[in-house]
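Guided by the hints, dock chain F onto chain A, whose structure is given.
There are 2 protein chains.
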Amino acid sequence: MNTIGEIGIKELASEYGTPLYVYDEQKLTANYHRLKSALDKYYTRNSIHFATKSNNNIEVLKSFKKAGSRVEASSPMEILIAEAAGFSGDDIFYNGNYESVEDFEFISSRSSMKINLDDISSFDRLFKATKELPERISFRINPGVGRGGFEGITTAGSDAKFGIPYEMAKHAYRKAKEAGVKRFGIHMMTGSNNLEPYYFAEAVDKLMMIAHDVFSELDIAPEFVNIGGGFGVPYYDEESELDVDLMARLISETFIERCQKYGFGSPELILEPGRYLIANAGYLISQVTGVKDSYRKFIGLDAGMGTIARPSLYGAFHRIKAYDNSNPEERVNICGQYCENSDILAKGISLPKLAEGDLVTILDAGAYCYVMASSYNSRPIPAEVMVSSGKHKLIRRRETFDDFMNLYNF
Amino acid sequence: MNTIGEIGIKELASEYGTPLYVYDEQKLTANYHRLKSALDKYYTRNSIHFATKSNNNIEVLKSFKKAGSRVEASSPMEILIAEAAGFSGDDIFYNGNYESVEDFEFISSRSSMKINLDDISSFDRLFKATKELPERISFRINPGVGRGGFEGITTAGSDAKFGIPYEMAKHAYRKAKEAGVKRFGIHMMTGSNNLEPYYFAEAVDKLMMIAHDVFSELDIAPEFVNIGGGFGVPYYDEESELDVDLMARLISETFIERCQKYGFGSPELILEPGRYLIANAGYLISQVTGVKDSYRKFIGLDAGMGTIARPSLYGAFHRIKAYDNSNPEERVNICGQYCENSDILAKGISLPKLAEGDLVTILDAGAYCYVMASSYNSRPIPAEVMVSSGKHKLIRRRETFDDFMNLYNF
Chain A
5 MNTIGEIGIK ELASEYGTPL YVYDEQKLTA NYHRLKSALD KYYTRNSIHF ATKSNNNIEV
65 LKSFKKAGSR VEASSPMEIL IAEAAGFSGD DIFYNGNYES VEDFEFISSR SSMKINLDDI
125 SSFDRLFKAT KELPERISFR INPGVGRGGF EGITTAGSDA KFGIPYEMAK HAYRKAKEAG
185 VKRFGIHMMT GSNNLEPYYF AEAVDKLMMI AHDVFSELDI APEFVNIGGG FGVPYYDEES
245 ELDVDLMARL ISETFIERCQ KYGFGSPELI LEPGRYLIAN AGYLISQVTG VKDSYRKFIG
305 LDAGMGTIAR PSLYGAFHRI KAYDNSNPEE RVNICGQYCE NSDILAKGIS LPKLAEGDLV
365 TILDAGAYCY VMASSYNSRP IPAEVMVSSG KHKLIRRRET FDDFMNLYNF
Chain F
5 MNTIGEIGIK ELASEYGTPL YVYDEQKLTA NYHRLKSALD KYYTRNSIHF ATKSNNNIEV
65 LKSFKKAGSR VEASSPMEIL IAEAAGFSGD DIFYNGNYES VEDFEFISSR SSMKINLDDI
125 SSFDRLFKAT KELPERISFR INPGVGRGGF EGITTAGSDA KFGIPYEMAK HAYRKAKEAG
185 VKRFGIHMMT GSNNLEPYYF AEAVDKLMMI AHDVFSELDI APEFVNIGGG FGVPYYDEES
245 ELDVDLMARL ISETFIERCQ KYGFGSPELI LEPGRYLIAN AGYLISQVTG VKDSYRKFIG
305 LDAGMGTIAR PSLYGAFHRI KAYDNSNPEE RVNICGQYCE NSDILAKGIS LPKLAEGDLV
365 TILDAGAYCY VMASSYNSRP IPAEVMVSSG KHKLIRRRET FDDFMNLYNF
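So the sequences go chain by chain: A and F.
Sequential numbering from 5 applies to the first sequence in our numbering.
Sequential numbering from 5 applies to the second sequence in our numbering.
Because the hints were derived from the structure by calculation, they are not lab data.
As the structure is a prediction and not an experimental result, all values here were calculated from the model.
Please note: incorrect hints may appear among the correct ones.
Note: identical chains are not told apart, hence a pair may lie in one copy or across any two.
[Said to hold, decoys possible] Listed next, the in silico BS3-like pairs over lysine-lysine satisfying Cα-Cα at most 25 Å (straight line): (1) Lys14 / Lys132; (2) Lys179 / Lys301; (3) Lys357 / Lys132.
Here chain A stands alone, though its shape is the one from the complex (with noise of 0.2 Å):
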């Protein structure tokens, strides 16, 4: 693999340095209107908030806000991230949990954005920030069972932190509406990284039933349903890409459908994708730095588990692909130069004959990855830069010795 976006990767590394953080903005405008258009085409009440916490970069968001898209943030920082890409008002769904109610002042300062909450407590909690409520709520609501790549990534059942058990969102939602709140929503999602279209339209089915249970009683209507992000990319060759226009056509004829038996009319049916969006539209350029004969063959990166965390944290697998092919194939582990043997990115993978020098790109790499790195080992956190119609451009700085320094001043 030689070029990301029609340019060659040789030229980022020798200009940007590595590791390399690298977009394609094409490619994850195209992943928004993939998934875009095939929910217009069932549903056009929809909208796609793309999921800051995958991602921050201020020039990704922007990049999100051209191609159409929305932004949903989790926390009070991502507000700001949020802001200054140019998002603002309604265009911002915040989503968090077990925010103090010093995050909640902040929060409640931009009353306009779709709020999410992720218990009773935190209703009170807003409540104790403010006394003017938001117009407009949503909560979180636990359905007890979820489902996600692997255990860290399920977001729902019994053992998860989020949202509230459904036997008690009808109490929450009664709290907020003899508080004053007038507008609702209501919010569920139960794992990331699924590939299985059928999971989405039960998860939406259940959602609405939960809805119908809760606000019938009150006497209320849901304004916006979010059904959440987890829409899975394939991180293995043998995996295949979501069916996005079957995913968008069950969830749709569910949605719609039990709207009209609960006549909740037309709300707004809302995702949060992150991966999906970005997942594939990023990249992870590295130089190997040594290779090693030991009991097994280990060929030593640059990037590591302060870069790209997901391997040493989930155990997940990248693919990893080498400049030059044409070299014949061996199976080597893959490391990186942190002193601590979780810095493991392969085990026993096959790739072409690799020499020091030598770039690979770690596939995938959009998602979870730069937001995730930290300076362990006192390595920089690396550059990010992002390709576009045959130009690239730095999109964020490498850090440096004179950043760490900077903490010292005050």
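Coordinates of chain F only, in the frame set by chain A:
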């Protein structure tokens, strides 16, 4: 738990905010002296090099320097940090892995450091980086077996990325000798967080046999023997402290006996502990931001997987203490504010009943905690404070939105 080093935890939280890392200088100094005096009792030609990778705060390094410690650095930036704390030359033990030629250009500019190489290929890169080789080097040996608290921190054995397989060690030293290196050391570290004193003596024995095998044939003697770190601390109430005196006696006896047997004279015995010196001198103060009665009871903190990664990364356990112990205990899950179910700090532990706004203290947070922090969910990296002799001072400020934005200035 309501004080750290005689300072009220409420006072610290109110002055510096939460989450907040706090280090107790008396405690870290006592840790150093306990280890140092145990070693001095049995073998005086010893050096302790504090592992910067466990805690890279410059004021923490200065405290260790004041106590008499030397320092270990694992990357070029850690060398700069050690220098900023006042260390230089021989007081710095450099010990990295899979460094690039560019890294070695920088490293070799500090030729009076002790420079440890992870492989023969590292030596080749050092030689590419500079024709003026350092006078003295050492190699890290992988004896083919290892033991750590768990797999991610087991740093030797056939699956470990570290060190030269001992069968190839002779070849490495010969190559270095023929290239003109005059003085040699040897290094081995097989695992981290071991609490068993006999383990270390066995490791020394193994390393000395390897040293004998390698060095006798090349007619050289080790100027130093670095047995690494790995000295454990109890993270659970049920665990006992490492018996440092016994450990020091056992390793010294083995070391002296082997030096005599192999005619090594009295080489410097080097230890590079991180965790043992700083883990229990560090505390993470956090505020309860939410209390949720879901399918389980969740206590949400303003510290989470971005603040302290060890629980989500390794499933590691850290004791958590409530500020107020007078309430009856209940079983709870402790989580942070991150939008991910990996963000669980403890499951099913008993704690005195907690309410929003209460403070808790996470113990043993001095090592491998701040250094692995990330800005995930755009939550800022916390501040660090040192308490000493009844006083407290900020030693690194909290990250701000301006710091995030600063990476867009280029």
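Evaluation of the provided hints:
Proximity of Lys14 and Lys132 under a CA criterion of 25 Å is satisfied inter-copy only: 21 Å between copies versus 55 Å inside one chain copy. In this homomeric assembly, Lys179 and Lys301 come within 25 Å of each other (Cα to Cα) only across copies, at 21 Å, whereas the closest approach inside a single copy is 61 Å. Taking the closest pair of Cα atoms, Lys357 and Lys132 come within 25 Å of each other only across two copies (21 Å); inside a single copy the shortest separation is 61 Å, beyond that limit.
In summary, the structure agrees with every hint in the numbered list given earlier.
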